[in-house]
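Enquirer: Here are the chains, one letter per residue:
2 protein chains.
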Amino acid sequence: MTNDSHILFETALRMRADTVETELRLLLDDRILPGEIVRPAHLMAAMRHGALNGGKRLRPFLVLESAALFDADGDAALRVATALECVHCYSLIHDDLPAMDDDDLRRGQPTVHKAFDEATAILAGDGLLTHAFDIIADETTPLPAERRAALVLALARAAGPGGMVGGQALDLDAERNKPEEAGIIRLQAMKTGALIRFACEAGAIIGGASTADRERLAEFGSAIGLAFQLADDLLDLTADAETMGKATGKDAAAGKATLVSLHGADWARSQLSGLVSQAHALLEPYGERAIMLKAAASFIAERNS
Amino acid sequence: MTNDSHILFETALRMRADTVETELRLLLDDRILPGEIVRPAHLMAAMRHGALNGGKRLRPFLVLESAALFDADGDAALRVATALECVHCYSLIHDDLPAMDDDDLRRGQPTVHKAFDEATAILAGDGLLTHAFDIIADETTPLPAERRAALVLALARAAGPGGMVGGQALDLDAERNKPEEAGIIRLQAMKTGALIRFACEAGAIIGGASTADRERLAEFGSAIGLAFQLADDLLDLTADAETMGKATGKDAAAGKATLVSLHGADWARSQLSGLVSQAHALLEPYGERAIMLKAAASFIAERNS
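Sequence lines, in order, name chains A and B. Under full-length UniProt numbering, the residue at position 30 of the first sequence is numbered 30, and the numbers go up by one with no gaps. Under full-length UniProt numbering, the residue at position 108 of the second sequence is numbered 108, and the numbers go up by one with no gaps.
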């Protein structure tokens, strides 16, 4: 990736993030929807604290760009993108809890249980997760019921016990029973990979793409999900705390094996380059329309924060 | 309610509970579904511990009986009933956590964080909540996508920040800022009422009932939800720990005001009788078909455990 295209991509990412942030703010305000009784101000404030955290909004970006490949309805894609970000943010809130990673800071800000309290953080995570399914299933999300149901199912499966939550459970075990290489790969495919895979697959579902296209996008998502994790592990070894805005070297300190700690940084860089080529190849059928998604794959592999 | 009909109802409730238990066991086993990677054994065991707890399965019962009013598909109703029970059980697991109610026992068994650990309990709750939406949205649940999406939406709204989770947040506040009567009613309508209302409304959705029927069942659900909470508060004041299988007098000890503590036991009994009459009246249009639901309303108001 040239420096120019890096800058262009980051600008596009930031623009999308602004749109997602606005939509999140709208969906997480204190106004009630039909069927709701009241949205307690304190809970909603905690949910917003956890969700409006200045993240890069990479997963929503992938939903929006994948959807664009199939000329999907933009409003529908934005809804699904926002719902996915709610799920991602819920997982961070629960991950940061004292009983889990016990983190005080997230992107330089106090984590939800620090800014509020532990009970409120648990409920704020529960609220974001539940609300994500509300957003997708809502009949004001301009999609046929068939696609809304398919998206709920795909998201629930990516986030559930056979996906992200299962990955978090494996991660808890990993500190006690060091997994072998296959175990690490599986853990990461679940903990971080499943939602990134869903992000890319979702675009195809929203756009009513063929099963073949849906599978192709899901495979692209798996490749960049793996790249994302490798890049993260590489950064954990090499970056300093200032660049990352969070504590680094934590995996090593926690005695967690990663593929990078097993095989070294050079191996990781060569793997990353292979994954980017594979991801780009998967997008060949879409030609120029896939430029932004290809740039996303490169960005994920090359990012330094 | 005569003693005979009480016994008949309890037998029916227990039979339904067995069916729900079997379905829960099936849906929460270690076999993976398409799209899942692996279901970590430890996490699934914790989810089962929290879900297969010998509960009365009152909410599933209400789904099944409401659905029967409209000749709904029995398999579909059982799926939705089981999904709702997953949501109920997730809320108990998170409610029992040290940061929340800090309970060691639930139905005489160690709570999930006691039997496993706190992190696993948080994830088990998250897993049950997520899996509930999977069960409903799954295309093997024999319902048109339109109804699956409507059920996901209604459940997410009943369980979300404007429903159950919001009620739990209000409950946390209630220990600090004692709410007035209107505040207590709202808190209870959210914390326990919303899911019971959903249980009854769900039957109408599953059966493809008219909007008027759907609203009537929802209203029935609200009436018995309120009755459920009043009966619970009454029991908290009067029952001994042995009958309840959990600590009693906890509300008073926690300084929590309830409608019963405000107005007394006699007032509560008269309210309960009024709510049962109201609930029965709402079911008049369904004649003899509604006998089981009417018995449920009486049972809820008169239960002593």
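By construction, these hints were calculated from the structure, which means they are not laboratory data. Any given hint could be a false lead.
The list treats identical chains as interchangeable, and a pair is accepted whether it falls inside one copy or across any two copies.
To be verified - Derived DSSO-like pairs: lysine-lysine, alpha-carbon spacing no greater than 27 Å straight-line:
1. Lys178 with Lys56
2. Lys56 with Lys114
3. Lys256 with Lys114
4. Lys56 with Lys256
Enquirer: Indicate, hint by hint, whether the structure satisfies it.
Expert: Now for the hints, and whether the structure bears them out:
no. : hint               : result
1   : Lys178 with Lys56  : neither (31 Å within a copy, 41 Å between copies)
2   : Lys56 with Lys114  : within (22 Å within a copy, 38 Å between copies)
3   : Lys256 with Lys114 : both (25 Å within a copy, 25 Å between copies)
4   : Lys56 with Lys256  : within (26 Å within a copy, 43 Å between copies)
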